[in-house]
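Visitor: The chain contents come next:
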Amino acid sequence: DVKVTQSSRYLVKRTGEKVFLECVQDMDHENMFWYRQDPGLGLRLIYFSYDVKMKEKGDIPEGYSVSREKKERFSLILESASTNQTSMYLCASSSAPSKAGALYEQYFGPGTRLTVT
Amino acid sequence: AQRVTQPEKLLSVFKGAPVELKCNYSYSGSPELFWYVQYSRQRLQLLLRHISRESIKGFTADLNKGETSFHLKKPFAQEEDSAMYYCALLEYGNKLVFGAGTILRVKS
Numbered sequence: 168d169v170k171v172t173q174s175s176r177y178l179v180k181r182t183g184e185k186v187f188l189e190c191v192q193d194m195d196h197e198n199m200f201w202y203r204q205d206p207g208l209g210l211r212l213i214y215f216s217y218d219v220k221m222k223e224k225g226d227i228p229e230g231y232s233v234s235r236e237k238k239e240r241f242s243l244i245l246e247s248a249s250t251n252q253t254s255m256y257l258c259a260s261s262s263a264p265s266k267a268g269a270l271y272e273q274y275f276g277p278g279t280r281l282t283v284t
Numbered sequence: 049a050q051r052v053t054q055p056e057k058l059l060s061v062f063k064g065a066p067v068e069l070k071c072n073y074s075y076s077g078s079p080e081l082f083w084y085v086q087y088s089r090q091r092l093q094l095l096l097r098h099i100s101r102e103s104i105k106g107f108t109a110d111l112n113k114g115e116t117s118f119h120l121k122k123p124f125a126q127e128e129d130s131a132m133y134y135c136a137l138l139e140y141g142n143k144l145v146f147g148a149g150t151i152l153r154v155k156s
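Protein chains in written order, with our numbering: chain A, 168 to 284; chain B, 49 to 156.
Chain B on its own, in the form it takes in the complex:
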């Protein structure tokens, strides 16, 4: 079965510090991976997808097939980055498998 693992429930960093939210997956094929974000009192929304190789709000994520990882990174955290972050894997049939999520707290 496909699985997505986010090992950290909570990541707390100071403003201006680098951020890395970890995500590991297991998938018997060519994976398609996403990061979703949920800010306080807002709906869950797509942050970025690996196939677009994009940088959104300063965040990037590189797919590492050798390590089966898709970690989310940002060089300098901002207070408005505080949110719940979910890593997700696209299964057949357009289903997403989500990790347990990581709360990011950026302290001033």
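The shape of chain A in the complex, shown without the other chains:
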């Protein structure tokens, strides 16, 4: 059973703080993703990674950075948190298509609800 875990369920930070959100998957997946989930906007992709030390910008990367030093771990960093980054953050992972064949699926973590005050 695929397991994607996120370091915190709830987090409260102050404006200007540096924030780290951690995600770990145990299925040896190549791909990892960070989304934010906001009412009325759905899920928006922040960053994703195909492999260790590789990263690609998603649709809304501004104000965020990521780190993938190990295959199982993908970190999202808010360099200087702002109130407009208050949101639910979801991490996901998936196999590369050559392994998954036609049955592609992203597996999601439980989410981290971040509040920036």
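Just so you know, these hints were derived from the structure itself, not from any lab.
Among these hints, one or two may not hold up.
[Claimed, not checked] Computed, partial: chain B to chain A, Cβ under 8 Å:
| # | residue |
| --- | --- |
| 1 | Arg91 |
| 2 | Ala148 |
| 3 | Gly149 |
Every residue gets a Cβ at the ideal spot worked out from N, C-alpha and C, and that includes glycine.
Please arrange chain B on chain A, whose structure you already have, making use of the hints.
Guide: Okay, now just chain B, sitting in the frame of chain A:
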């Protein structure tokens, strides 16, 4: 740019009534589409994928390329179907583009 549109923010139906959650997409190729569901206090999970042509928990979704739609249907809604539903489109590079989501409320 690829887009997924879910026109309804909230769909409220009575138990036993038919359900149709709408999803339209724009994609310049052969699309691969999914429905994801998030029940209260649970993580987002895959409900079904169009290429499998499956029925999960009584839900089905047919890809209509002419209308660029992938609506989710169930003939008889149950209270446990109440959840947030997202339609998603697979882009190159294994990225999913999600719609804004539709909250389904099934009333008893």
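Visitor: List, from low to high, the hint numbers that the structure doesn't satisfy.
Guide: none
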